[in-house]
Each structure stands twice: as C-alpha cells, then as structure tokens.
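One line per chain: the protein sequences are L and V, in this order.
For what it's worth, our numbering labels the leading residue of the first sequence as 1, then goes sequentially.
For what it's worth, our numbering labels the leading residue of the second sequence as 1, then goes sequentially.
Mixed in with the good hints there might be a few duds.
Said to hold, decoys possible - Below, computed lysine-lysine pairings styled on DSS-like, alpha-carbon distance capped at 27 Å:
| no. | chain 1 | residue 1 | chain 2 | residue 2 |
| --- | --- | --- | --- | --- |
| 1 | L | K5 | V | K221 |
| 2 | L | K9 | V | K587 |
| 3 | V | K133 | L | K40 |
| 4 | V | K587 | L | K40 |
| 5 | V | K145 | V | K133 |
| 6 | L | K5 | L | K40 |
| 7 | V | K237 | V | K587 |
| 8 | V | K587 | V | K659 |
| 9 | V | K221 | V | K482 |
| 10 | V | K235 | V | K221 |
| 11 | L | K81 | V | K61 |
| 12 | V | K659 | L | K40 |
| 13 | V | K153 | V | K187 |
| 14 | V | K315 | V | K305 |
These aren't lab readings, by the way, just hints derived from the structure by calculation.
Letter by letter, the chains look like this.
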Amino acid sequence: MIAFKLNEKDVRIDVPATAPLLAVLSNDLGINGAKFGCGKSQCGACAVLVDGEPVRSCATQLSAVSGRSVTTLEGLTQNGKPSKLQQAFIDEQAAQCGYCASGMIIQAQALLDRNPNPSDSEVRTALNGNLCRCGAHNRIVRAVLRAAKEG
Amino acid sequence: MDDRMNVNRRSLLKGAGYVALAFAIPLESSAQSPAVEKPRLPGSLQNNRNISAWIRINADKTVTLLIGKVELGQGILTAVAQICADELDIDFERLVLISGDTLQTPNEGTTAGSFSMPQCGPAVRQASAEARKIMLDLAAEKLGKPADGMTVKDGTITAAGGGSVTYWDLSLGKALEREATGQVKPKPASEHRYVGKSVGRIDIPAKMIGEVAFVHEMRPKGMLYGQVVRPPTYKAKLASVDLAPIEKMAGVVKVVRNGSFLAVIAQRDEQSIIAAKALFDAAKWDVEKALPGADGMQDWLLNAKPARKIETMKKPRAGGDPAVKTVEAMYYRPYHMHASIGTSCAIATLDPDGVTTIQTHSQSVFETRQAIARMLGVDLAKVRCQHVQGAGCYGHNMADDAAADAALLAQAMPGRPVRIQYTREGEHRWEPYGSAMVLKAKAGLDKDGNVLDWDLDIYSTPHGTRPGGQPGNLLSARYLEKPFAPPTPGNNGAPNYAADRNGIALYDFPGQNVLTHFITDMPLRVSSTRGLGAYGNVFAIESFIDELARAANVDPVEYRLRFLKDERARDAVQKAADAFGWSKWQKREGRGRGIGFARYKNTAGYCAVALEVEVNRRNGRIRVLRAVASADSGHIVNPDGVINQIEGGLIQSLSWTLKEEVKFDDTRVTSDDWASYPILTFSEVPPIEVVLIDRPGTPFLGTGEASQGPTGAALANAVHDATGVRFRRLPLTPDRVRAGLSA
Numbered sequence: 001m002i003a004f005k006l007n008e009k010d011v012r013i014d015v016p017a018t019a020p021l022l023a024v025l026s027n028d029l030g031i032n033g034a035k036f037g038c039g040k041s042q043c044g045a046c047a048v049l050v051d052g053e054p055v056r057s058c059a060t061q062l063s064a065v066s067g068r069s070v071t072t073l074e075g076l077t078q079n080g081k082p083s084k085l086q087q088a089f090i091d092e093q094a095a096q097c098g099y100c101a102s103g104m105i106i107q108a109q110a111l112l113d114r115n116p117n118p119s120d121s122e123v124r125t126a127l128n129g130n131l132c133r134c135g136a137h138n139r140i141v142r143a144v145l146r147a148a149k150e151g
Numbered sequence: 001m002d003d004r005m006n007v008n009r010r011s012l013l014k015g016a017g018y019v020a021l022a023f024a025i026p027l028e029s030s031a032q033s034p035a036v037e038k039p040r041l042p043g044s045l046q047n048n049r050n051i052s053a054w055i056r057i058n059a060d061k062t063v064t065l066l067i068g069k070v071e072l073g074q075g076i077l078t079a080v081a082q083i084c085a086d087e088l089d090i091d092f093e094r095l096v097l098i099s100g101d102t103l104q105t106p107n108e109g110t111t112a113g114s115f116s117m118p119q120c121g122p123a124v125r126q127a128s129a130e131a132r133k134i135m136l137d138l139a140a141e142k143l144g145k146p147a148d149g150m151t152v153k154d155g156t157i158t159a160a161g162g163g164s165v166t167y168w169d170l171s172l173g174k175a176l177e178r179e180a181t182g183q184v185k186p187k188p189a190s191e192h193r194y195v196g197k198s199v200g201r202i203d204i205p206a207k208m209i210g211e212v213a214f215v216h217e218m219r220p221k222g223m224l225y226g227q228v229v230r231p232p233t234y235k236a237k238l239a240s241v242d243l244a245p246i247e248k249m250a251g252v253v254k255v256v257r258n259g260s261f262l263a264v265i266a267q268r269d270e271q272s273i274i275a276a277k278a279l280f281d282a283a284k285w286d287v288e289k290a291l292p293g294a295d296g297m298q299d300w301l302l303n304a305k306p307a308r309k310i311e312t313m314k315k316p317r318a319g320g321d322p323a324v325k326t327v328e329a330m331y332y333r334p335y336h337m338h339a340s341i342g343t344s345c346a347i348a349t350l351d352p353d354g355v356t357t358i359q360t361h362s363q364s365v366f367e368t369r370q371a372i373a374r375m376l377g378v379d380l381a382k383v384r385c386q387h388v389q390g391a392g393c394y395g396h397n398m399a400d401d402a403a404a405d406a407a408l409l410a411q412a413m414p415g416r417p418v419r420i421q422y423t424r425e426g427e428h429r430w431e432p433y434g435s436a437m438v439l440k441a442k443a444g445l446d447k448d449g450n451v452l453d454w455d456l457d458i459y460s461t462p463h464g465t466r467p468g469g470q471p472g473n474l475l476s477a478r479y480l481e482k483p484f485a486p487p488t489p490g491n492n493g494a495p496n497y498a499a500d501r502n503g504i505a506l507y508d509f510p511g512q513n514v515l516t517h518f519i520t521d522m523p524l525r526v527s528s529t530r531g532l533g534a535y536g537n538v539f540a541i542e543s544f545i546d547e548l549a550r551a552a553n554v555d556p557v558e559y560r561l562r563f564l565k566d567e568r569a570r571d572a573v574q575k576a577a578d579a580f581g582w583s584k585w586q587k588r589e590g591r592g593r594g595i596g597f598a599r600y601k602n603t604a605g606y607c608a609v610a611l612e613v614e615v616n617r618r619n620g621r622i623r624v625l626r627a628v629a630s631a632d633s634g635h636i637v638n639p640d641g642v643i644n645q646i647e648g649g650l651i652q653s654l655s656w657t658l659k660e661e662v663k664f665d666d667t668r669v670t671s672d673d674w675a676s677y678p679i680l681t682f683s684e685v686p687p688i689e690v691v692l693i694d695r696p697g698t699p700f701l702g703t704g705e706a707s708q709g710p711t712g713a714a715l716a717n718a719v720h721d722a723t724g725v726r727f728r729r730l731p732l733t734p735d736r737v738r739a740g741l742s743a
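I would like the entire structure built from these sequences, with the hints used as guidance.
This is the structure in structure tokens:
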C-alpha cells in the first residue's frame with residue numbers, strides 16, 4: 001500500500017510499488033494530464049510536479065512518491081476553472097494537437113514558481129527538454145510569458 | 001490576433017469522440033453513387049448528397065454537424081463549425097460535432113493532403129445553406145407569409161411584418177432527409193459573422209485542463225492492455241518460441257501467437273510491457289540482412305530498377321537557339337519519421353453481436369475499417385471505427401496499425417476492451433517513413449543565364465501505403481499464419497501527385513521535362529508523410545533556381561519573378577520578401593538570407609518563406625535567426641488557424657532540414673528514440689512572422705502542407721548565402737556543414 005497526496009487529496013493505492021508513476025496515475029487514478037510519450041524521460045509529455053519539482057512520471061516508480069505530494073495538470077485548475085497559466089495557453093491557442101501541452105504547462109509552472117518573470121530565452125531553456133512535434137513552440141513561449149505578465 | 005473571438009466552446013465537443021457512443025442512430029447509406037443527370041455538388045457533398053447526413057436539428061435546441069474529416073490538430077472541427085453557424089444563422093455554441101464514425105458520419109475518405117477545407121468546407125457550407133432554405137420554406141408554410149423577406153437570428157425565423165418560429169419548432173423530423181439540390185446560394189463574405197475570424201479552437205480548452213480529449217485517455221470498464229512483439233527485422237520469420245513461461249508471468253491474461261505475429265494481453269499496462277520484453281527474448285527468429293544502410297541510400301535509389309518511369313511533364317522547348325550553357329546538380333533527402341509525440345493507440349472491443357468496435361485516431365476510418373474487416377475475415381458490418389483524437393500525425397503513421405492490432409487482440413478476448421499503445425521504440429522503428437529521394441536537376445541557359453530548358457529526374461520509393469481497404473497495408477497482417485502480402489503501391493492520381501508531387505516547377509520555362517523513376521522496392525516501410533514528394537522536390541527546385549540566379553548574378557527574388565507568371569504566386573513571393581525586408585537587407589559576416597516558394601501540389605495553397613541564418617564556421621552549427629512566411633490559402637475561414645498551420649509546418653520543416661534522418665544498418669532501423677532521432681527544441685526555434693493573403697469569395701485551398709517545401713529550400717539557400725557553399729544533401733547537421741566548409 002502506497003500513500004501520497006494527489007492534487008491535494010490523500011490517496012492510498014495497492015498496486016506494485018515498482019509500477020511507473022505514470023501508469024498508476026493514468027490507469028488507476030483516472031488522471032488525463034500526464035501522457036505517455038517515450039518512457040525514457042526524453043520528451044516530457046508525462047511531466048508532473050512532485051513536491052513542486054517537475055519529474056518525468058514515466059521513469060519514476062510509484063514507491064518514489066510515497067508520502068509526497070503529486071500535482072498533475074488537473075491539479076492546477078482552480079475550482080474546475082483553468083489557472084492563469086492554463087488560460088494563457090487557451091488564449092494564445094498554444095497547441096496544434098495538444099498532446100504535449102500537459103507536460104509543457106507543468107514544466108512552465110515549475111519555472112514560474114521559481115522565476116515569476118522569466119525572459120523569452122529563459123522560458124525556452126526551461127522547456128528544451130519538452131518536445132513538441134507540431135511546431136507550437138512560439139505560441140507556448142508566448143503563453144508562458146503572458147501568464148507571467150498577468151502574474 | 002485582434003479579431004480573435006472568444007466563444008464558449010466547451011459545449012461543442014460534447015457529442016464528439018467516444019462520448020458519442022450513446023448517439024448511435026444509424027443513417028441511411030449516405031455514400032450513394034450519383035446518377036449522371038444529378039447536379040454536381042460542392043466538395044464531399046457530391047458523394048454524400050443527403051442534407052441529413054451532415055446536419056441534424058435537435059429538440060434540445062442544438063444542431064449536430066456530422067463530418068467525415070477528422071481533427072488532427074489542424075483545427076478542421078472549428079473551421080467547419082464556423083462555416084455551418086454562418087450559413088445556418090445560429091450561434092456557434094449551438095453546434096455539436098461528430099466526426100469520422102463509420103456508423104454515423106458521411107464518408108469523406110482520408111483526412112489528408114490539405115484536402116479537409118477544399119472537400120469538407122464547401123460541403124458543409126452548401127448543406128447548411130440548403131438546410132436554412134428548407135427551414136425558411138417550412139416557416140413560410142407555417143406562418144402563411146412569403147419566405148422572401150424573412151430573417152433568421154440564432155435559429156429564430158422572423159417574417160417581414162411580424163410572426164416568428166424557430167428551427168426547433170419546425171424540424172425535428174424528416175425535413176432534412178432529402179438530397180441537396182445545389183440550387184441554394186451560400187452567403188457572400190460580407191454577411192459572415194464567424195468566417196474570417198480567429199474563433200478559438202473548440203478542442204483546445206479540454207486539453208489544457210486535463211479533460212478526456214484523446215483516445216489515450218479512454219478507460220472503458222474491464223479494459224486489458226496489449227503489446228505486440230515485433231520481429232527484430234522487417235522480414236524476419238518466427239522460428240520457435242516457448243509461450244508457457246510468458247503465460248505464467250504476473251498479470252498476463254493471454255499470449256497470442258498467429259504465425260510470426262506475437263502479442264501479450266495483461267491486466268496492467270506495465271505488466272504487458274514487461275511480458276512483451278520477455279516474449280521477445282524468448283522468441284527465435286530467422287533474420288535477413290538486406291538493407292542498404294542510411295549512408296548507402298542515395299546510391300541505392302540511383303541504381304534501383306524503377307517499376308515505372310512516369311513522364312510527369314514532357315514539354316520540350318519548341319525550336320529556338322540552343323542553350324549556351326548547361327548546369328546540373330543532384331539533391332538528396334533522407335527518410336523522415338512522422339515521429340508523433342504520443343505513440344499510436346487504439347481500443348477495440350468484440351461485442352456479443354460479433355461487432356468489433358474500434359476507437360482509433362486513424363485518418364481514414366472508413367478504409368481502415370475495410371482493411372481490418374478483410375484481415376479478420378468478417379463482413380464489413382462487423383467492424384465499426386470511431387475517430388477519437390490522437391497526437392498529431394502529419395500523415396500515415398501507426399494509427400491504423402494500432403487499430404488493427406487492437407482488433408486482432410480483441411478477437412482473443414471477446415467482451416473485453418483491449419488497448420494498444422506502442423512503445424517509443426515500437427513506433428520509431430516500425431512506422432512508415434517519408435521516402436528518401438534523389439533529385440537530379442539540369443538546366444540549359446541562354447547567354448544571360450535565363451532558363452531555356454529545365455529537366456528534373458525524381459528517384460523515389462512510394463509515398464502512399466495507407467490501408468485503402470487492403471489488409472496487406474496493416475503491419476501485423478503481414479506476419480499472420482495466413483499472411484496478407486503488402487500490395488504493390490502506385491504513384492496514384494494524376495502526374496504531380498505523390499513521389500512527383502510539386503515535381504513540376506510552377507515557373508514558366510520555355511521547356512520543362514520531369515521524369516519520375518518510381519521504385520516500388522521498399523528497403524524501409526514508407527507512406528504518406530506531410531507533403532509526400534513535395535518536400536524533396538521543392539527543396540531541389542528552389543535550391544536549383546537559387547543556384548541559377550546566383551550564377552547569373554541576379555537577385556534570387558527577381559530571378560524567380562522573371563519566370564513566375566501566376567499573379568498569386570508572384571504576390572506570395574513579393575509579400576514574403578517585403579515582410580522580410582529583402583531589398584534593404586545588409587549582408588553581415590557569417591549571416592545569410594534565403595527564400596523558397598511553392599504552390600502546394602501546384603493546385604493548393606501558395607506559400608513563400610524567407611529566412612535569415614547565422615552559420616558558425618568552426619563547429620558547423622546553423623542558427624535560424626528569423627523567418628517570414630506568406631500564405632495564400634484562398635478564402636480564409638480562421639486566420640489564426642492558418643497562421644498556426646503555416647508556422648507549425650515551417651518549424652517542422654526546419655527540424656527535418658537541420659536534424660532529421662532515419663538511420664539504419666544492413667538489418668534494422670537504429671533510430672529508435674528521441675536521442676537517436678533528435679528533433680528541433682525550443683531554443684532552436686526562430687521568431688516567425690506569417691503574412692496572410694486573404695482571397696474572400698475564392699475556393700478554400702487548404703493549408704496544412706504548404707510551408708514544408710519552401711522552408712527547406714529557403715534554409716539551404718540562406719546557408720549558401722552565408723557561407724558560399726552549396727549543400728545538396730540533407731540534413732544540414734553540424735558535422736555535414738563543417739565537412740562541407742572545410743572541403
């Protein structure tokens with residue numbers, strides 16, 4: 001039995017402790033945000049926050065989050081409404097397919113938490129480990145800068 | 001965008017995707033072949049002629065729009081919803097969309113080739129306009145007033161001099177169950193409320209807050225997890241395997257062997273992956289060594305025996321003086337991956353009535369359904385495919401293979417939904433790539449360096465192996481006990497269609513010949529990848545014309561305009577050059593500028609790309625400093641949607657051109673993850689400006705693939721401008737550039 005906080009709620013789950021966190025979030029806990037992209041920490045589609053730090057849930061074992069606090073894309077919403085950052089992604093239409101968006105928003109949230117006023121190049125550097133294939137990069141950067149500006 | 005519209009879009013997708021499972025009203029066969037005397041109807045309406053196949057007016061005061069094209073991230077759902085709302089005179093929020101369901105929607109073929117707007121857009125426009133007219137006639141009858149002079153606002157019809165009635169009062173029955181006539185005229189652009197505005201995409205909000213949006217997130221009760229075990233190489237045959245130890249592994253429900261097809265089904269996702277690895281290790285294969293290797297591919301293409309030589313264009317110059325000089329150059333593009341960020345996924349369930357229902361992100365639900373039914377040996381009615389969104393695909397990736405694999409495994413577990421999602425290695429190594437190509441260009445010039453005779457020889461393997469109803473195009477079907485052989489691919493369509501797409505230069509040269517050496521042997525599995533042959537052909541044509549311009553000591557923009565007669569083409573080139581600041585650009589050490597142009601397929605959207613690079617001569621690195629694109633896609637429905645597509649295509653093309661090449665040795669593909677197949681990252685993406693050229697009242701030309709070709713050429717031309725060295729083999733990696741500069 002592993003216990004941890006998921007999006008502010010206590011969860012206890014009885015599945016193999018070696019299972020990837022991503023599989024448990026997706027298949028046992030109904031999380032849609034984090035997505036499978038590579039299983040090798042190379043693309044960032046599965047990013048979640050663990051105690052506020054971005055981690056790749058595809059390559060994190062469930063046991064590693066025991067007693068810790070996990071935040072997914074869903075957890076950023078406020079009363080079911082998009083957060084400022086999420087709203088900025090909507091306003092900037094910062095996606096084509098949107099499959100990478102969850103990882104982008106999580107990674108950007110981690111950036112804004114430690115640097116509320118990043119420059120264009122700081123945003124890009126922070127997101128270099130997150131891959132987008134559709135070419136929505138500049139929109140994503142604009143969305144992060146917009147959210148920062150709107151505080 | 002200043003004219004961006006914010007509407008409440010959440011309601012629009014309620015009926016889309018798998019939520020629509022409950023909405024299973026079978027339609028009359030909508031794909032009927034029209035008799036000869038019937039009028040020609042716009043776009044896909046021609047083959048799906050009943051208005052009710054497209055539009056339903058519902059008792060709950062919503063309108064359902066059914067389309068055969070599907071959302072790939074290109075924004076088609078939003079664009080056609082804008083068209084429908086305008087023609088029907090209803091608020092955008094009233095629309096519910098259902099797309100790509102073989103049981104419910106019109107069959108619009110494959111969602112590909114930048115055809116969504118040209119085919120679906122006019123059909124929706126006409127069907128909506130005719131539905132509105134039917135409503136007006138019903139209102140006239142009901143109110144006893146003439147239809148002329150009636151106005152409609154959000155579904156409420158008001159007669160001149162008073163009296164009103166709503167759509168929902170008038171038609172919940174069969175009023176729309178009739179064929180379109182083609183006689184109703186759609187509105188002029190001046191009366192549009194939504195068309196021409198950057199309405200926000202209806203699918204985006206859900207994706208940003210973690211609501212179910214993709215097939216990957218569907219979790220029907222009792223779902224099991226499947227993994228396919230591929231052979232080590234394309235043609236390997238399974239010699240022997242002991243299934244018993246695998247069957248005893250944790251969570252394993254079933255191990256499937258059918259000929260050389262191997263798969264596991266497990267209770268949990270991670271269990272299926274662990275068991276699949278063990279199964280691969282347990283299997284003994286007979287392996288062939290047959291591939292030319294990535295570095296040998298150019299020679300292989302030049303020496304392979306083509307199945308056909310296609311005279312894509314034969315227009316020798318009629319008389320005149322002989323050329324005073326002949327110039328030749330050879331270009332190469334390697335294999336590219338679609339490389340979707342999400343690996344392909346599908347869920348299939350074999351129900352007690354014998355129907356296998358598949359949720360899939362296929363671009364071709366109707367034809368894939370047919371291929372799967374044949375593979376399973378069942379009637380077509382026993383397979384249903386429903387489109388649910390997946391990660392961006394950019395062509396024929398493994399979406400259809402995943403649908404087929406899920407269907408195969410579902411047969412082994414009746415009543416249980418079985419989910420397939422490939423591993424990254426499984427997707428990278430087995431997807432059908434965009435074909436490598438060799439392009440040989442030759443020009444005969446007059447004394448001033450103007451082109452008199454232009455020749456292009458195209459060497460390519462196929463660009464289309466979509467399912468097309470043929471099980472042999474489904475990867476796993478080739479390995480079954482009773483295998484389905486892959487059909488020999490054609491070049492399909494008219495000349496200038498696939499390998500030779502954009503092979504004909506749009507320039508008016510006195511003589512032009514294009515010969516396509518169409519090779520049907522396929523060292524690597526290939527299929528439609530954004531733009532098909534256009535990327536390679538435009539790279540070659542636009543590089544070569546740049547070489548000729550420089551040899552003639554003429555500005556590359558001016559040189560192009562000498563031969564470009566099409567006014568819209570000229571406009572696209574000029575607008576890109578102007579926005580770039582071409583005429584006042586100052587050369588600086590290490591920097592260069594380049595331009596590329598094409599009209600996609602020579603029939604679709606016009607696009608020119610101008611960009612500036614900086615080349616580091618020491619390490620060979622190219623930095624793209626900025627890019628400008630012009631886009632003329634005809635009448636623009638959603639400006640931000642066009643910008644998004646042009647910008648996205650440009651970035652993807654920079655990635656192809658700077659970095660991408662599928663690597664393989666004599667047995668197998670070795671590009672099996674993002675480290676061995678790197679793509680462009682945030683810091684490498686330049687600022688991009690898109691200049692839209694709107695042509696209200698003209699046909700929708702499509703946009704999705706327009707910027708791919710021009711971008712690659714513009715980059716190579718800019719690198720030449722910066723370094724004085726011409727690079728004709730892609731990608732322009734630092735190693736290759738450094739080697740070229742020191743040669």
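A quick look at each hint next to the structure:
1. K5/L to K221/V: holds (25 Å)
2. K9/L to K587/V: Violated, because 60 Å separates the two Cα atoms, which is more than 27 Å.
3. K133/V to K40/L: violated (57 Å)
4. K587/V to K40/L: violated (44 Å)
5. K145/V to K133/V: holds (14 Å)
6. K5/L to K40/L: holds (24 Å)
7. K237/V to K587/V: Between K237/V and K587/V the Cα gap is close to 59 Å, so the pair fails against 27 Å, i.e. violated.
8. K587/V to K659/V: The given pair, whose Cα atoms are some 26 Å apart, holds under the 27 Å limit.
9. K221/V to K482/V: violated (33 Å)
10. K235/V to K221/V: violated (37 Å)
11. K81/L to K61/V: holds (26 Å)
12. K659/V to K40/L: Given that 27 Å is the threshold and the Cα spacing comes to 20 Å, the pair holds.
13. K153/V to K187/V: Holds. K153/V to K187/V sits at ~14 Å (cutoff 27 Å).
14. K315/V to K305/V: The hint holds at about 25 Å.
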